[in-house]
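Peer 1: Protein sequence lines, in the order shown, are assigned to chains A and B.
Our numbering puts the first sequence at residues 1 to 254.
Our numbering puts the second sequence at residues 1 to 318.
Be aware that a few hints might be false.
Among the chain B residues that face chain A by a calculated CB cut under 7 Å, a handful are [to be verified]:
(1) E67
(2) K94
(3) E95
(4) N132
(5) A133
(6) V136
(7) I180
(8) M186
(9) S241
(10) F291
(11) D295
Result set (BS3-like, lysine-lysine): computed pairs, CA atoms no more than 25 Å apart in a straight line [said to hold, decoys possible]:
(12) A:K241 / B:K44
(13) B:K223 / A:K248
(14) A:K220 / B:K118
(15) B:K238 / A:K177
(16) B:K179 / A:K51
(17) B:K163 / A:K24
(18) A:K220 / B:K292
(19) A:K24 / A:K149
(20) B:K256 / A:K241
(21) B:K103 / A:K211
(22) A:K248 / B:K103
(23) A:K151 / B:K179
(24) B:K151 / A:K220
(25) B:K284 / A:K17
(26) A:K227 / B:K256
(27) A:K211 / B:K121
(28) B:K207 / A:K177
(29) B:K213 / A:K241
(30) A:K227 / B:K175
(31) A:K227 / B:K292
(32) A:K211 / B:K78
(33) A:K23 / B:K292
(34) B:K256 / A:K211
(35) A:K248 / B:K292
(36) B:K256 / A:K248
(37) B:K179 / A:K49
(38) A:K241 / B:K316
(39) B:K284 / A:K241
(40) A:K151 / B:K207
Don't read these hints as lab results, they were simulated from the structure.
C-beta atoms are modelled at their ideal positions from N, C-alpha and C, and glycine is treated no differently.
Residues per chain are reported as follows:
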Amino acid sequence: MNIIVCAKQVVDLSEMKVDPSTKKPILKGIAQKISDIDKNAMEEAIKIKDKHGGKITVLTIGPSDAKERIKELLAMGADEGALVTAPDNIDYHMTATLLAEAVKKIGDYDIILCGEASVDLFSGQIGPRVAGLLNIPQITYAQTITAEKDKITAERNMGEQAVTTEATYPVLITVTKEINEPRLPSLMQILGAANKPINEWTADSLSSGLKPLVETVELKGVSMERKNIIYQNDLDESVNKLVDSLAKEGVIRG
Amino acid sequence: MVLVYSDNTKHAIEMLSKAVEIAKQQKKKVTAVIIGKTDEKLAKEYIAYGADQVFIAEISLDSFKAEEYTDILSKIVKETGDETILISSNKNGKELSARLGGKLNAGCVADSNNIYVKNNKLFAERVVYSGNAIAVQQFNSKPAIVTIPSKTFDPLKKDENRKGEIIKKKIDAEKSSSKILKVQEMKTEGVNVEDAEIIVSCGRGLKNKDDIKLVKELADVLKGKTVGCSRPIAADLKWLSEDHWIGLSGHKVKPKLYIAAGISGQIQHIAGMRDSGIIVAINKDPEALIFKSADYGIVGDLYEVLPKLTDAVKAKMG
Chain A
1 MNIIVCAKQV VDLSEMKVDP STKKPILKGI AQKISDIDKN AMEEAIKIKD KHGGKITVLT
61 IGPSDAKERI KELLAMGADE GALVTAPDNI DYHMTATLLA EAVKKIGDYD IILCGEASVD
121 LFSGQIGPRV AGLLNIPQIT YAQTITAEKD KITAERNMGE QAVTTEATYP VLITVTKEIN
181 EPRLPSLMQI LGAANKPINE WTADSLSSGL KPLVETVELK GVSMERKNII YQNDLDESVN
241 KLVDSLAKEG VIRG
Chain B
1 MVLVYSDNTK HAIEMLSKAV EIAKQQKKKV TAVIIGKTDE KLAKEYIAYG ADQVFIAEIS
61 LDSFKAEEYT DILSKIVKET GDETILISSN KNGKELSARL GGKLNAGCVA DSNNIYVKNN
121 KLFAERVVYS GNAIAVQQFN SKPAIVTIPS KTFDPLKKDE NRKGEIIKKK IDAEKSSSKI
181 LKVQEMKTEG VNVEDAEIIV SCGRGLKNKD DIKLVKELAD VLKGKTVGCS RPIAADLKWL
241 SEDHWIGLSG HKVKPKLYIA AGISGQIQHI AGMRDSGIIV AINKDPEALI FKSADYGIVG
301 DLYEVLPKLT DAVKAKMG
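For reference, chain B alone in the conformation it holds in the complex (with noise of 0.2 Å):
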């Protein structure tokens, strides 16, 4: 079997569609987990993109503890013979799948970008070195364990006359002694980097957190009105909240057009917007690791640039 199981249905039916390829290579079936209270009309709507069973889990468990959500899935390995792995990049999923490995003495490889089948062994490549290498796995065991970020592949078609059967089943999680004593939404301003098309990002070359209206202005005239940043602005300074941060740790993006004022090029922030279409540097240090990134690249001081460059784009578009 081929197990998905993503606490984001969204990515769990964008990893269903790799599982399905590489079921299909093995010969396999494909399962995805639910774990929580039974909700068939999620089960059904994973079938709809290519599960052949879905197996739920009910527990009664309030909230994720990686202990015991380890629990539940080696049971559950168990139980469906699961040889291949696939559990969703998030910060709950790589806790959770490098503790799994551990416990059933199984290799993992975390944030794979690509998996494939050769030679009747299992593959999966990961960009390691910050962004400057690509290690190429291979598993010479199983079961194999991957995490793949959001975003990585694309699913398939909903098709809602597939059939596939659901699967409900208690399980008793061994409990952690561990205690959550409080979950709080982090504070977002509602930004969704991921989807967006276009992305003016900022990172230490800014100065000021009031000159982030620099930032702004620019990607409202693009249209993008997207402002994302690197790991500084987000996570040391916190000018921005960290839905805007870019990068390894933070969210990785795919826009048509990405451009980065003030940014170093760590490859940390690299391995996060690589992906992105047309990418614009615009830095003071014409040695700034950025620019071999960049298709475009402006070398300035970016309070010079934004503003010129908000006002040459305003007049280019009329």
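If we strip away everything but chain A, and leave its shape as in the complex, we get (with noise of 0.2 Å):
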């Protein structure tokens, strides 16, 4: 059985500051990770390789650094990576496409897995639209995977149901990050990442002329205008405190 996980590096959330004048995100400096829910694809394909045998490829489009990142989940138990460096303006129909290129090259494969959405922007975008440009099944917001050797059937969570899907090969799923919990490598797994292959290639290499279909044309801050008024001291009178303020608000009725 032949996984590609798709895996995106992005800003580390839990660092990111805010410009306290102008209220936008510093993004400049800050640490950057694979996004979470890509680890739990990428348990997700372990567990699968565990069961049936084969080859993982994990699958970035990124910048070059980005490399360091994919080594985390050799570590953790993909055979070879693969890094497109992304083009400047890059959206989702530019990452999408190359995405789906990529895979073509990597040829032979029966399950692309990708988290639900990045943590990041959250989209959720990047799944259904490689799907759609490969003309594969996709099977979005698996919470359990059962995969057989000529087919495989996923629990999904679609909010107001639970919907289970079955597909045969080739299939591209997303899945949630309730699904597992992904595992932490050991040091020797660690070292041993070092010498699995990345390969790199170019964007155009791929896909030439690739324009974006969105631009980010600005990135607002948020203020979130809130009064901040907080009680820290004599529980009692916090509370009381509380009650009044919010009765003067007109929220409760005294």
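Make one complex out of these two single chains by using the hints.
Peer 2: Spelled out as structure tokens, the structure:
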């Protein structure tokens, strides 16, 4: 069973700061990491490989330093990596096109696994877009996956409904955070990852002349204008003050 | 044309009001799409809420599959010449719109909370970086696909006298090789957090499932009676059903009063409740993120604060 895991390098949101005057996020110099849910996809790939054998390839579109992040997934258990250097102004159309072309270049695959969305932008577009481009079935929001020799079944969380879907290969599956707990690689695995190959491809070599269909023209700050009145001394007094304030606000009737 | 599609009538009606506004600016008309069986009553409803035409795609499919609905919708788009496509941001809508974007080579902006036309270009804004920024996105191509969360726009006033055209057409979808084996309604407790005026919400600060009663008691005296929660309580621990879940992947709420007890204030949660009227935070960690998003806050253990607050509210309300 050959599996391709699509993983994205993102800014570590927990380390992101906001410029106090403009309220805009400061993205430069922030630590990068593999988007959390992509690690769940990786974990699921390893489980499937443990059962059926095969090969796991990690595929990333990103800056050249994303190679370091790919190594984390190689340490978890992927066999090889592929990094496509991202062009400027990349949008979902370009990312998905490059992923689909890279998948074709890798060639032999049964399953493509992705996180349901990346934790930085949380659009959730990439999985379905890539499946559409490759014209293969998509199974989104998988909470459990059972891979068999000639078909795969997934239980999906569709909000108001739980839907169980079955598909033959090849198939693209997006997973949710709840599907598993991604493993932490051992020191030996981390050291071993250094010897696993990471192929680097340019965007142009996969698809030339790609232009964004959607451009982010501005990143605006968010002013969460709240009163921020925090009571933290005597608890009884705090509670009474809060109730008085809520009554004055008219949200509770005194 | 500006196309509107949702599998949820209420949601489609909300999007129609924005579609009418955009269509006016683009000098276009609005098409509402119904996929499934012919429903004249629903078609007339859409017209009363702003659609110039309703396209009913009659199909012989039992259930939603993104692959098949993408095929149907792309055929409709080709036939009606739609340039702007609004789809609801529920899970079906999101996987449908992104696949459609791939198939049509169209730009797509997911979960937009603001759409407008400026200098003949279409713009859509969306919240990114877990609520810390708003990305202003400009479409460079047509068609443009935008998905919209429920409750983002207010519907137009219903006008039964509005006239519109109803087009019915049988559409054959390219069959997907995937099979739906089972559809189960999610276990719910019949809670509708999206319509609640007062919500008391709990998070990882709760130690036991039974302690939810502390939250319920406060919600009851506030006459809100609605209990919400953050992701871990619904998704990981399953102490409450998912209809209580408030956040980016859960429900988006706008109550008059939102009380967050034992919720750290991860931006994914804030994204679901940021539009609330008054936000109150209770957390024992004075550094908790939630206080930055709160109007009022009490630094203290929820196990002490909640019973005291319940009593104080009871006393105040008489």
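Peer 1: State for each hint whether it applies.
Peer 2: Comparing the hints with the structure gives:
Of the supplied interface hints, the one on E67 (chain B) holds, with its beta-carbon coming within about 6 Å of a beta-carbon of chain A, less than 7 Å. Contact between K94 (chain B) and chain A, as hinted, is supported at the beta carbon level, the nearest pair being about 6 Å apart and thus within 7 Å. Using the Cβ-Cβ criterion of 7 Å, the hint placing E95 (chain B) at the interface with chain A is satisfied: the shortest such distance is roughly 5 Å. Taking 7 Å as the C-beta cut-off, the interface hint given for N132 (chain B) holds, the closest approach to chain A being about 5 Å.
A cut of 7 Å between beta carbons decides the hint on A133 (chain B): the least distance to chain A is about 5 Å, and the hint holds. Given the 7 Å rule on beta carbons, the hint for V136 (chain B) holds: about 4 Å separates it from the nearest Cβ of chain A. Taken as an interface hint, I180 (chain B) checks out: its beta carbon lies about 6 Å from the nearest beta carbon of chain A, inside 7 Å. At about 6 Å, the closest approach between the beta carbon of M186 (chain B) and any beta carbon in chain A falls short of 7 Å, and the interface hint on this residue holds.
For S241 (chain B), the suggested interface contact is broken, since its CB lies about 11 Å from the closest CB of chain A, more than 7 Å. Using the Cβ-Cβ criterion of 7 Å, the hint placing F291 (chain B) at the interface with chain A is satisfied: the shortest such distance is roughly 6 Å. Among the interface hints, the one on D295 (chain B) holds; its C-beta lies about 4 Å from the nearest C-beta in chain A, closer than the 7 Å criterion. A hinted pair counts as satisfied when its Cα atoms are at most 25 Å apart, and K241 (chain A) with K44 (chain B) does not qualify at roughly 52 Å.
A distance of roughly 17 Å separates the Cα atoms of K223 (chain B) and K248 (chain A); the hinted pair therefore holds under the 25 Å criterion. A hinted pair counts as satisfied when its Cα atoms are at most 25 Å apart, and K220 (chain A) with K118 (chain B) qualifies at roughly 17 Å. Only pairs whose Cα atoms come within 25 Å are accepted, and K238 (chain B) paired with K177 (chain A) is accepted, the gap being roughly 14 Å. Taking the CA atoms of K179 (chain B) and K51 (chain A), the gap is near 23 Å; set against the 25 Å cutoff, the hint holds.
About 46 Å separates the Cα atoms of K163 (chain B) and K24 (chain A), which puts this hinted pair outside 25 Å; it is violated. About 18 Å separates the Cα atoms of K220 (chain A) and K292 (chain B), which keeps this hinted pair within 25 Å; it holds. Between K24 (chain A) and K149 (chain A), the direct Cα distance comes to roughly 50 Å. Violation of the 25 Å bound is thereby established for this hinted pair. With a C-alpha separation of about 19 Å, the suggested pair K256 (chain B) and K241 (chain A) falls inside the 25 Å cut-off, and the hint holds.
Under the criterion of a C-alpha separation no larger than 25 Å, the hint pairing K103 (chain B) with K211 (chain A) is consistent with the structure, at around 16 Å. Distance hint between K248 (chain A) and K103 (chain B) is unfulfilled; the C-alpha atoms sit about 54 Å from each other, more than 25 Å. This hinted pair checks out: K151 (chain A) and K179 (chain B) have alpha carbons roughly 11 Å apart, not beyond 25 Å. A threshold of 25 Å between alpha carbons decides the hint, and for K151 (chain B) with K220 (chain A) the separation of about 22 Å falls inside it, so the pair holds.
Taken as a hint, the K284 (chain B) and K17 (chain A) pair is honoured in the structure, with Cα atoms around 23 Å apart against an allowance of 25 Å. Taking the CA atoms of K227 (chain A) and K256 (chain B), the gap is about 15 Å. The hint holds against a cut of 25 Å. For the hint linking K211 (chain A) to K121 (chain B), the alpha-carbon distance of about 17 Å falls within 25 Å, and the restraint holds. Note on K207 (chain B) and K177 (chain A): the hinted pairing holds, with a Cα-Cα distance of about 22 Å set against a maximum of 25 Å.
As the CA atoms of K213 (chain B) and K241 (chain A) are separated by approximately 24 Å, the hinted pair is consistent with the 25 Å bound. Using a Cα cut-off of 25 Å, the hinted pair K227 (chain A) and K175 (chain B) is violated, with the two alpha carbons roughly 54 Å apart. Using a Cα cut-off of 25 Å, the hinted pair K227 (chain A) and K292 (chain B) holds, with the two alpha carbons roughly 9 Å apart. Restraint check for K211 (chain A) and K78 (chain B): the C-alpha separation of about 23 Å stays at or below 25 Å, so the hint holds.
As the CA atoms of K23 (chain A) and K292 (chain B) are separated by approximately 13 Å, the hinted pair is consistent with the 25 Å bound. Proposed proximity of K256 (chain B) and K211 (chain A) is contradicted: the alpha carbons are some 44 Å apart, above 25 Å. For a cut-off of 25 Å, the pair hint linking K248 (chain A) to K292 (chain B) stands: about 21 Å separates their Cα positions. Of the pairs offered as hints, the one joining K256 (chain B) and K248 (chain A) holds, with about 13 Å between alpha carbons and a cut-off of 25 Å not exceeded.
For the given pair, K179 (chain B) sits about 23 Å from K49 (chain A) by alpha-carbon distance, which is consistent with the 25 Å threshold. A C-alpha spacing of about 11 Å is found between K241 (chain A) and K316 (chain B), which places the hinted pair at or below 25 Å, so the restraint holds. Straight-line distance between C-alpha atoms of K284 (chain B) and K241 (chain A) comes to about 18 Å, which keeps the hinted pair within the 25 Å bound. Distance check on the hinted pair: K151 (chain A) and K207 (chain B) sit about 41 Å apart at the alpha-carbon level, beyond 25 Å; violated.
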